[in-house]
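Participant: Sequence:
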Amino acid sequence: TEAYAMLFGAVGDKLRFTPIGEPDSWPQNFFLTYDAPITGIATVATGVLVFTKFKTHLVTGSGPTSLSTYPLSGDQGCLAFESVQRIGTEAVWVSTDGVCRSSGNRPTVLSRPFLNKIAIDAIDSVVYDEIYYVLSPDGTMLGFGDGIAKKFNFGNLTLNVSEDKLYGYKDGKLQQLFAGTGPATF
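Position 155 of the sequence shown, counting from 1, maps to 156 under the working numbering, and the rest follow consecutively.
Computed Cβ-Cβ distance ranges for the label pairs, DEER-style: (1) Ala37 with Lys174: 31 to 41 Å; (2) Gly89 with Ile119: 21 to 31 Å; (3) Asp122 with Arg87: 14 to 24 Å; (4) Ala180 with Pro72: 36 to 46 Å; (5) Leu175 with Ala6: 28 to 38 Å.
Honestly, the hints are just simulated from the structure, not real lab data.
Just so you know, even glycine gets a beta-carbon here, dropped at the ideal spot from N, CA and C.
Modelling step: build the complete structure from the supplied sequences, incorporating the hints.
Facilitator: Here is the structure:
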């Protein structure tokens with residue numbers, strides 16, 4: 002993930018980062034350590050969100066020697082880096098309670114008003130037309146946006162957005178989703 006003209010990456014419980022403007026340099030002493038393996042990273046306007054399974058931290062600073070980390074939540078972490086996306090200035094991801102969001106403040110569970118606490122096994126996710134879609138291994142796709150939660154089962158294995166179109170990969174073919182003219186079942 003890129004922020005502050007640096008690259009950030011996770012290796013186990015370490016958040017590694019590069020010097021400013023040096024994407025090929027990963028000095029051994031440029032890291033922050035967390036109390037559990039890092040499960041995801043997301044940039045927001047106020048810094049970089051770093052997730053473990055049960056916690057969310059905010060990293061702020063202007064360069065590699067001035068980075069600081071602050072806990073945002075001890076109960077809303079991230080289950081899978083595949084679920085991490087951005088909608089505008091907010092990060093969106095899957096936690097043990099459902100779909101969460103944060104713009105650098107305490108995370109809130111976006112899916113709770115619709116589905117209460119929900120377990121989602123995320124293998125892929127995208128944002129298309131400001132709607133967050135998350136895909137489970139059984140092909141079930143949940144969509145959250147515009148105050149609505151939607152559930153589909155197209156049997157897709159992956160999701161992708163290209164040229165303002167949403168695609169799913171299924172049976173060896175790339176198919177455009179929501180391009181049909183017939184009624185959809187919710």
